[in-house]
Amino acid sequence: MRKFVKGNPDLCIGCRTCMIGCVVEHEGRRIFEIDPDGYDFNPRLHMVKTAKISVPVQCKHCENPACMAACPVNCIKVINDAVVIDTDSCIGCKSCVQACPFGAIDMVSKIGTQQADGSMRVVANKCDLCVGTGNGPACVRVCPTSALTLVDEEKLKEVVCDKRVATANAAKVFADAKEVE
Amino acid sequence: MGVHEIEDAKLIFNFGYNGADSHPIVQRRIVRAKQKGATIICADPRVTEAARIADVHLQLKGGTNIALVNAMCNVIYNEGLVDQHFIDTMSVDYDAFVEIIKKYTPEYAETICKVPAELIRKAARMYAKAPSAMILYGMGVCQFGQAVDVVKALGSLALMTGNYGKPASGIGPVRGQNNVQGACDMGALPNNYPGYQNVTNPDVQAKFEKAWGVKLSNKVGVPLTHVPQRVLEEKDPAKKLHAYYIFGEDPAQSDPDVAEIRETLEKLDFVIVQDIFMNKTAEFADVILPSTSWNEHDGVYSCCDRGFQRIRKVVEPPSTVKTDWEIICEISTAMGYKMKYKNTEEIWNELIDLCPNFAGATYEKIEKYGCIQWPCRSKDMNDKGTVFLHNGKFATADGKGKFYTAEWRPPQELENEEYPLSFSTVREVGHYSVRTMTGNCRMLRNLEDEPGWIQMNPADCEKLHIKHGDLVKVMNKRGWCITRCNATERVAKGATYMTYQWWIGCCNELTIGSNLDPVSNTPEYKYCNCRVEKIDDQAAAWDYVNNEYKDLRSRMGIKMIGEEA
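Here the protein sequences come in this chain order: S and Z. The first sequence: position 91 = 91 (the numbering used here), numbered continuously. The second sequence: position 517 = 517 (the numbering used here), numbered continuously.
Check each hint, because a few of them may be wrong.
[Stated by the list, open to error] Computed list of chain S residues with no C-beta within reach of chain Z, every gap over 10 Å:
1) Cys75
2) Asp81
3) Arg141
4) Ala170
5) Val173
[To be verified] Below, a sample of chain S positions facing chain Z; criterion: calculated Cβ distance under 10 Å:
6) Gly14
7) Arg16
8) Val23
9) Ala66
[As the list claims (entries may be wrong)] Below, simulated EDC-like cross-link-like pairs (lysine to aspartate or glutamate); rule was C-alpha separation at most 20 Å, straight line:
10) Lys49(S) <-> Asp449(Z)
11) Lys34(Z) <-> Asp10(S)
12) Lys49(S) <-> Glu489(Z)
13) Lys52(S) <-> Asp21(Z)
14) Lys550(Z) <-> Asp117(S)
15) Lys36(Z) <-> Asp10(S)
16) Lys49(S) <-> Asp460(Z)
17) Lys49(S) <-> Glu234(Z)
18) Lys52(S) <-> Glu489(Z)
FYI, nobody ran anything at the bench for these hints, they're computed from the structure. Yeah, the Cβ is synthetic: ideal placement off N, Cα and C, and Gly gets one too.
Next comes chain S alone, as it looks inside the complex:
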């Protein structure tokens, strides 16, 4: 099963450290050495604050990704069990953005990648679970309140198991109520 990062709104304080961590991880250390306006600031997860919820939203690394199915040039691939966009071959058609039911993909321009007409390349952008860094997802590591968890098969099983227990207990309550009747 593919892993994914999940935010817990009970712990999230909306600080967006995860977004910074994401950019630093993907741009590399040189970000602090180059011109402030000379790098991409394209976080792959986004803080969403509604009336009652604060939580970052990112890719769920679906088992049957709608984005991958929608991509006409096959630039969305599964690498090390993560659904990853190959931005070098992305043609910027936005099909994946429309296909994703979670709003996890956006379009971003890439500084320093000029096209024939002088404009910057615009490509699809989303969470890649920091594959290839060997450090695991940066957002999980930098969150000050530990509001983000990398959910793997084991964790998902635990959650399902807990829910089954809760369902069983609810069944007992229902049975007790019957007896009272």
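Chain Z: place on chain S using the hints.
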């Protein structure tokens, strides 16, 4: 109380304090307390992160704090939830206090603060019945014309329920900035020497005169917020201010009614600005003294819980830049008082020997324990300071806590037909204070930049035909600015909020400088009126914002990519 105690609180009453945006590290402790089972009551006009996880959110109308506190005290009194033994043995002036709160029934308070009476009752019962309860308050209490009254009323709420002198209880001001407590501790106040020793006390005066070998004044100085009046209106030449030495402060950005501040800075004969980067105030300076930043010098910070912590130099400053203390020494010497220190420890040792409450907080001890909360009176290594105050005895002359509250006074400038919305300044996470530091941090600038946002209820936006992200004009009789509309259900209808660090979206063009709290002299940053106007030509407005920003940055010598320095 100590900040670390927050995690062990059984109940946190979070009043006018938005930790998630002001101090995420404190909010982390509030979140942990909640995870450990603490009950949270939050009083705030907005749905802040704390309000979101609170058991009860008292979403009061801005500028009505004391009506809510009085009503909670009223419930606790009327329902017999007081700690009578504590009141009898540990306090004074209870009867006079009760006389005032009697009038503030929850139903009466509801008419003022718009919080349902039943919710006030619920919160009051929760607070009074908690085994121990902690109050945290912030600028949502302090930045009103009626501020100190509210602090004392909150203190009385803790007093009537015996919530003092034990762990994870009491009342904690979670102060605006990391070292604002330190500035006060060190005597950067018009009426005190370091260690809260009053300048009008002859014994104190004699002590400092002896230590420093000079004659000292026994007159109270001028509060920061009185500066404009002393420059623009004062007729007596002896009282008029002529020179202003500003360091680590950007009044042209952070003070209320910045149009008046600009006029003040222009009228002054001489302005010195000592800071780490250019800022708006420095544009008015006759002399700019570049000084080192927090990672280029040693020093001591006081946390909001009276905790002294050392900071250490990690990088070598450029050769053209000096530390603040070196600059002060050189200026003092040039003015005829020879001042010379080898290092910050030498300064610190002189200071703690002159301040009985700090006397035991040596560098060695702070180094060993990481943090020493004053009072710490003995140099003995076993005196590790004081985690919480008022243990068995209040720090008053008779050792007793003094009850106090007051009648509610409305804010000075209310909404009217011309300016139908209320306007308040707030914080946002990522940018610290006036962003002299964080505005120069590329990552934080990437996250949020000019011209900032005005938080508005979606219903108000709809009425004005504006949508999320639109540039809008915000104005009142003092001034105007351009910013983006942030349509959010987290704010109530009729209320608007802006953060105060943006140069273009400068909310202090609107804030009111004339309604100061009579005791603290803090301005009413949290209430005035405004009108929001739709801008039809968005492209022209964006051009205006971008050009203004570019101009400002080039005037300040900030290099952009592709530009010559």
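Original post:
Are there hints from earlier that the structure breaks, and if so, what are their numbers?
Top reply: 9, 14, 17
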